[in-house]
Structures are given as C-alpha cells and as structure tokens.
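> Chains as they are written, first to last, in the UniProt record's numbering: chain V, 1 to 185; chain P, 1 to 220.
These aren't lab readings, by the way, just hints derived from the structure by calculation.
Possibly wrong hints are sitting among the right ones.
[To be verified] Just a sample of chain P residues kept apart from chain V, beta carbon distances all over 12 Å, derived:
| # | residue |
| --- | --- |
| 1 | Asn23 |
| 2 | Gln44 |
| 3 | Ile54 |
| 4 | Ser58 |
| 5 | Ile61 |
| 6 | Trp87 |
| 7 | His91 |
| 8 | His93 |
| 9 | Met129 |
| 10 | Gly167 |
[As the list claims (entries may be wrong)] Calculated lysine to aspartate or glutamate pairs in the DMTMM-like style (CA-CA distance at most 20 Å, straight line):
| # | chain 1 | residue 1 | chain 2 | residue 2 |
| --- | --- | --- | --- | --- |
| 11 | P | Lys5 | V | Glu134 |
| 12 | V | Lys99 | P | Glu107 |
| 13 | V | Lys102 | P | Asp118 |
| 14 | V | Lys45 | P | Asp143 |
| 15 | V | Lys99 | P | Asp158 |
| 16 | V | Lys102 | P | Glu110 |
| 17 | V | Lys102 | P | Asp22 |
Note that the Cβ used here is the ideal one computed from N, Cα and C, for glycine as well.
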Amino acid sequence: MTDKSPKSPGTPPEKPAGGKGARVVEIIELPNKLRAKVGGTADGKPGQIDPAHIDRATRHVARMAEAHRGQTRIDLTSLQAAFAQAQRDTENRAQHLRKIYKISDGIMTLGRTFGYNLLSDFANSMNQFLVDPENTSDALMTVLGLHIDAMHVVVRDDIKGDGGELGQALTKSLALARAKLIHRR
Amino acid sequence: MASGKSGKYYRLDGLSVLVADDNRFVRTILITVLRGLGIGRVLQAESGEEAMAILDVSTQIQGASDIDIVFADHLMAPVDGLGLLKWVRHHDHEKLKFIPYVMMSGEADENAVRLARDGGVTEYLAKPMSVANVASRLLAIVDKPRPFIRAPGYIGPDRRRQTLPYGGDDRRVITGHRVLLEEASAEALPPVGQAVPEVASGSDGDAGAESIPVAPETVE
Numbered sequence: 001m002t003d004k005s006p007k008s009p010g011t012p013p014e015k016p017a018g019g020k021g022a023r024v025v026e027i028i029e030l031p032n033k034l035r036a037k038v039g040g041t042a043d044g045k046p047g048q049i050d051p052a053h054i055d056r057a058t059r060h061v062a063r064m065a066e067a068h069r070g071q072t073r074i075d076l077t078s079l080q081a082a083f084a085q086a087q088r089d090t091e092n093r094a095q096h097l098r099k100i101y102k103i104s105d106g107i108m109t110l111g112r113t114f115g116y117n118l119l120s121d122f123a124n125s126m127n128q129f130l131v132d133p134e135n136t137s138d139a140l141m142t143v144l145g146l147h148i149d150a151m152h153v154v155v156r157d158d159i160k161g162d163g164g165e166l167g168q169a170l171t172k173s174l175a176l177a178r179a180k181l182i183h184r185r
Numbered sequence: 001m002a003s004g005k006s007g008k009y010y011r012l013d014g015l016s017v018l019v020a021d022d023n024r025f026v027r028t029i030l031i032t033v034l035r036g037l038g039i040g041r042v043l044q045a046e047s048g049e050e051a052m053a054i055l056d057v058s059t060q061i062q063g064a065s066d067i068d069i070v071f072a073d074h075l076m077a078p079v080d081g082l083g084l085l086k087w088v089r090h091h092d093h094e095k096l097k098f099i100p101y102v103m104m105s106g107e108a109d110e111n112a113v114r115l116a117r118d119g120g121v122t123e124y125l126a127k128p129m130s131v132a133n134v135a136s137r138l139l140a141i142v143d144k145p146r147p148f149i150r151a152p153g154y155i156g157p158d159r160r161r162q163t164l165p166y167g168g169d170d171r172r173v174i175t176g177h178r179v180l181l182e183e184a185s186a187e188a189l190p191p192v193g194q195a196v197p198e199v200a201s202g203s204d205g206d207a208g209a210e211s212i213p214v215a216p217e218t219v220e
C-alpha cells in the first residue's frame with residue numbers, strides 16, 4: 001500500500017508498490033512559497049486582495065477607455081482588410097482566416113472589459129467558426145462578414161452593455177445566421 | 001471568520017509576474033490590472049520566444065528577482081502559449097519547471113483548453129479579461145495550490161480539482177508515491193513522452209497493479 005501522507009524531509013521515498021505492468025506516478029508536494037511571500041496566515045485560511053486595490057485596478061483600466069476605442073477601430077479596420085483578402089485570395093484563405101481569428105481574439109478579450117459586451121460576444125461567436133480555418137465555405141464567409149459588420153455597428157454607435165433593442169436585434173440576427181450555417185453543415 | 005477566510009489582505013508587492021502576449025494593447029491592459037492590484041514587478045514579453053529568454057535568464061538570478069507567476073496568451077506565433085508551457089514544464093531548472101502558469105484564452109477552442117490542461121497549466125484565465133477574473137486567478141494560485149504530478153506523459157499540477165464520491169473500484173492502474181520536492185527524483189521516471197517501462201514485481205510476489213489511495217475518490 002502506498003503512503004499518501006507527506007513524509008518528513010530527508011526521508012527517502014519508499015519504493016512504489018505495484019506489480020508487473022504498474023505505472024509509476026510521482027506526486028510532488030511543493031512548498032507554498034507564494035503564500036508565504038504574500039503574507040498568508042499560518043492556519044492556511046485563504047486571504048483576500050484588498051478591495052481598495054481592486055478598485056484602483058478598475059479605475060486604472062477605466063482611464064484607458066479612450067485608448068481602447070481607438071485600438072478597436074484599428075482592429076476592426078485590420079479585420080475588414082483580412083476578411084477582404086480571405087474573400088479574394090481563396091487559395092490562401094486559411095492563412096487569412098487565422099489572422100482574422102487572432103484580431104478577433106484581441107477584440108473579444110477587451111470588449112467586455114470596457115463595457116462593450118456585444119463586441120466580446122460577437123467576436124467570440126465568430127471565433128467558434130475559425131478554430132478550424134481549413135474548413136471554409138461561401139456560407140461561412142457570409143456569416144463572418146455579418147459578424148464583422150455587427151462589430152462595426154457596435155463601435156460606430158458606441159453600444160455598451162446588451163445594447164438595448166438594437167443590440168438584441170443584432171444578437172438575434174447573428175444567432176439565426178449561425179444556426180443556418182450549422183444546419184447546412 | 002465564518003466564511004473560512006482569514007480576512008487578511010495579501011501583500012502582492014513582493015510578487016513578480018511575467019506577461020507574455022503578442023497583442024501589445026492586451027498586454028498593456030493586463031499589466032495595468034496587475035499593477036493596480038499591487039503586484040510589485042511586472043515583466044513583459046511580446047512573444048513566446050522572448051518569454052523563454054526572460055525565463056531562462058531568471059533561472060540565473062537568485063532571490064528577489066525570481067519570476068513567481070507566468071501569464072501567457074494561448075494565441076501567439078510561432079511559439080504559442082502551449083509551446084511555452086511545455087518548454088517551462090520540461091525545463092531542467094526547478095524554478096521554472098514548477099512555476100505557476102496561467103493560460104489566457106477564449107472559450108472558442110475547447111481543444112486548446114484540453115491541451116493546456118494536459119500540458120500542465122496551473123490556471124486558465126478565460127477571456128474576456130476583467131479585473132475580477134485576473135484577481136481570482138491570483139488568489140487561486142496562492143490559496144489552492146495542487147501537488148505536482150510527474151507521470152509518464154504528464155508533468156504539471158494535479159488535474160483533479162474536485163473530490164466527489166463515486167461507487168465502485170478505482171479502475172486506474174497506476175501506482176503513486178508522495179514525496180516532498182527535495183525528495184523528487186529526476187531518475188524515477190522516463191522523460192515525458194517516452195515509453196513506460198514495466199515495474200518489476202515486488203519481492204512478495206504481488207503481481208497486481210495498485211491504485212493510488214485516493215479515497216474518497218477524486219475526479220477531474
């Protein structure tokens with residue numbers, strides 16, 4: 001029987017039990033240096049991050065909202081260009097779709113961070129179809145184009161949160177387009 | 001406290017974090033979040049290769065300059081977050097091999113999540129990014145460390161996070177032994193990915209493989 005409890009330092013590990021064909025697994029107990037470094041209590045109870053520091057981080061991020069808007073416009077321009085290339089250059093479409101995936105991933109990462117929930121949602125939905133860029137079709141390109149157009153609308157109209165009626169309408173129409181594409185597949 | 005928390009606020013100013021992301025703006029925002037939360041030192045790498053170089057150098061510096069945590073994006077090229085993770089976990093230096101590693105990725109690619117888990121990721125930061133989810137990953141690393149598992153085909157934190165009861169026998173045919181870090185033997189196992197030799201029968205003639213005594217049974 002193997003011993004599950006940690007042994008004292010310096011004690012050589014006992015020979016693992018098990019017969020012929022057994023596979024050996026080493027379970028290594030690491031000292032929790034990080035916990036000691038951040039001042040964790042000896043009783044092992046979890047601590048917290050100072051709410052004032054969380055507020056500070058939130059404020060610092062909020063200060064970058066204008067930079068985010070600028071960056072998103074740049075990203076959308078790049079996205080549109082990559083999409084146009086993917087439509088034209090069918091031979092290298094997969095390569096262009098990978099680029100679209102990467103740009104869209106950046107948009108998705110930070111949209112919600114700055115209150116543009118729909119940007120993150122639309123980018124994320126689009127990315128579901130870009131995981132396998134070799135598997136493309138005209139119908140897929142149409143759906144991608146619709147998502148990119150919707151992201152443009154979100155930025156143009158500065159739509160935050162769920163976007164109200166317009167946001168819900170965009171969300172529904174994109175969901176319908178995706179459902180049709182999945183049905184075709 | 002009734003919640004089971006100590007109520008103590010952690011001091012993060014002694015921590016050093018490496019952020020690896022080839023998207024400059026995303027990297028800037030993550031660094032802003034980490035500094036806002038009080039992380040003392042944040043290093044940045046704009047590619048997987050640059051992260052490797054910084055981490056390699058860190059192994060040669062003693063004491064306060066250690067890097068404590070890596071945040072890396074999954075989608076980087078040519079070395080992506082998974083490639084960097086594998087490089088870290090197979091590094092000769094213990095400082096790197098066991099370093100907490102947070103992979104940042106969207107939910108689109110489920111396979112990427114699986115590969116990161118099987119590559120030895122410590123925590124997963126699901127995009128979109130927020131102050132709350134970055135903070136929660138930091139707390140998870142500090143408060144919920146898992147032992148490292150070194151097995152044929154895997155090295156990384158124990159992939160089982162929950163303990164759930166189940167009926168029946170443990171069907172895993174593996175034998176484990178638990179050691180402290182200083183007892184871990186580099187020679188005890190073949191390198192990850194190589195064929196697993198059979199373990200010779202014990203002198204008592206026991207021919208059966210034994211399960212790790214994990215009762216109550218754990219599941220991933």
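> Compare the structure with each hint and give your call.
To see whether the hints hold, each was checked on the structure:
| no. | hint | verdict |
| --- | --- | --- |
| 1 | Asn23 | 5 Å, violated |
| 2 | Gln44 | 16 Å, holds |
| 3 | Ile54 | 19 Å, holds |
| 4 | Ser58 | 15 Å, holds |
| 5 | Ile61 | 16 Å, holds |
| 6 | Trp87 | 19 Å, holds |
| 7 | His91 | 15 Å, holds |
| 8 | His93 | 14 Å, holds |
| 9 | Met129 | 5 Å, violated |
| 10 | Gly167 | 21 Å, holds |
| 11 | P/Lys5 to V/Glu134 | 49 Å, violated |
| 12 | V/Lys99 to P/Glu107 | 18 Å, holds |
| 13 | V/Lys102 to P/Asp118 | 23 Å, violated |
| 14 | V/Lys45 to P/Asp143 | 8 Å, holds |
| 15 | V/Lys99 to P/Asp158 | 34 Å, violated |
| 16 | V/Lys102 to P/Glu110 | 16 Å, holds |
| 17 | V/Lys102 to P/Asp22 | 10 Å, holds |
When the structure is compared with the earlier hints, violations turn up for hints 1, 9, 11, 13 and 15 and for no others.
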